[in-house]
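Generate coordinates for the entire structure from the input sequences, incorporating the hints supplied.
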Amino acid sequence: MTTEVFITAVGRDRPGVIAGLTGALAGLDANLEDTSMTTLGGRFAMVLVVAVPEGTSTDVVAAALAEPAAALHVDVSVHPADPSDAADDERGERWTVSIHGADHPGIVHGVTQGLSELGANVVDMRTRVVGPPDRQVYAMTLEVSVPATTSAETLTARLDEVAAALGVECSLHPVDTDIL
Amino acid sequence: MLPDPVLARPAAPVGPIDDEARALAQDLIDTMRASSHSVGIAAPQIGVPLRAFALDITGHRKASSCHGELVLFDPEIVRAEGRDVGREGCMSVPDLTGDVARATLLVVRGTDPDGGELVLECDAFEARAVQHELDHLDGHLFLDRVVAADRVFPRRAYR
Chain A
6 MTTEVFITAV GRDRPGVIAG LTGALAGLDA NLEDTSMTTL GGRFAMVLVV AVPEGTSTDV
66 VAAALAEPAA ALHVDVSVHP ADPSDAADDE RGERWTVSIH GADHPGIVHG VTQGLSELGA
126 NVVDMRTRVV GPPDRQVYAM TLEVSVPATT SAETLTARLD EVAAALGVEC SLHPVDTDIL
Chain B
28 MLPDPVLARP AAPVGPIDDE ARALAQDLID TMRASSHSVG IAAPQIGVPL RAFALDITGH
88 RKASSCHGEL VLFDPEIVRA EGRDVGREGC MSVPDLTGDV ARATLLVVRG TDPDGGELVL
148 ECDAFEARAV QHELDHLDGH LFLDRVVAAD RVFPRRAYR
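Heads up: the sequence lines are chains A and B, in that order. For the first sequence, our numbering assigns the number 6 to the initial residue and increments by one for each residue that follows. For the second sequence, our numbering assigns the number 28 to the initial residue and increments by one for each residue that follows.
FYI, nobody ran anything at the bench for these hints, they're computed from the structure. Treat the hints with care, as some may be off.
Just the calculated beta-carbon pair ranges, DEER-fashion [what the hints assert, rightly or not]: (1) B:Ile104 to A:Val127: 37 to 47 Å; (2) A:Gly136 to B:Arg60: 51 to 61 Å; (3) B:His87 to A:Leu37: 29 to 39 Å.
This one's a predicted model, so the numbers in the text were calculated from it and none came from an experiment. Ideal Cβ positions, reconstructed from N, Cα and C, are used throughout, including at glycine.
So this is what it looks like as structure tokens:
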């Protein structure tokens with residue numbers, strides 16, 4: 006029997022970080038399930054859902070990772086994962102939302118607040134700030150699960166309104182999957 | 028669940044069309060019809076490591092060119108142009124979808140179940156579907172073609 010934990014790691018980006026941390030996890034008989042890693046502002050950021058043998062505490066996992074993490078200059082945290090937290094978004098319709106414009110505080114909050122008021126759930130988000138310091142551009146892409154109770158017209162109108170208030174451009178389209 | 032190893036290996040040429048090949052053609056059509064979700068099927072997906080596929084995109088909302096129901100043996104790409112990204116799923120990988128770039132204009136030549144040469148010029152959705160099936164004949168899944176690491180998505184359509 007296994008139990009799941011969440012592991013987060015943030016810090017210096019260089020070759021060998023994932024290999025170093027996952028090596029320590031293999032030593033615990035841990036099995037990596039869903040994971041996500043990217044570089045943010047050139048820095049390493051990773052989240053893992055890991056199955057460990059039942060009875061392995063988060064402290065034991067953290068202890069196994071402590072030395073490699075320090076050597077690799079990453080900060081690691083281990084959290085218990087509650088299976089009942091897993092949501093079921095599969096009944097919602099998927100939309101891709103793209104936002105871009107001059108960067109300023111409040112864009113992510115404004116857009117995601119507007120979405121949550123419609124019962125829409127963000128299932129993936131990526132934002133990047135690019136450009137010279139005096140003219141930074143904010144680019145955001147979201148994948149959103151929209152309940153059937155929210156029409157395409159309502160979604161579009163709300164996002165257009167939010168985008169206008171924030172001074173950014175917004176485009177969205179339903180995600181269309183073909184089984185081939 | 029593992030995609031079956033037969034899906035990871037290039038399939039063998041069929042060669043001259045005989046009764047066995049014609050039976051395979053019928054098998055592909057029957058399997059395609061039995062599954063309401065897909066518009067095509069390649070022989071490796073039914074465990075047959077031969078270069079053959081069936082397709083029928085008739086009535087699909089994204090159809091531009093449409094050759095109707097067809098079976099093609101030993102297909103080869105004569106011409107491929109253009110590029111478009113779309114999200115694909117596959118009966119052999121039921122729990123994932125991914126964003127894949129495909130040519131938007133495709134000319135494919137092969138043999139039909141009567142043993143005659145068949146040249147298909149297709150575009151848009153039909154071109155995408157043909158390329159997806161051709162990939163199966165080369166031992167590729169759409170997972171091998173996704174445009175970026177973050178463009179693979181879980182799909183729990185059958186739960």
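Distance restraint hint 29 to 39 Å, applied to the beta-carbon atoms of histidine 87 (chain B) and leucine 37 (chain A)
holds, 38 Å
The hint says 37 to 47 Å between isoleucine 104 (chain B) and valine 127 (chain A); measuring C-beta to C-beta, is that right?
holds, 39 Å
Tell me if the beta carbons of glycine 136 (chain A) and arginine 60 (chain B) are separated by a distance inside 51 to 61 Å.
Holds - the Cβ-Cβ distance for glycine 136 (chain A) and arginine 60 (chain B), about 54 Å, lies within 51 to 61 Å.
When the structure is compared with the earlier hints, no violation turns up for any of them.
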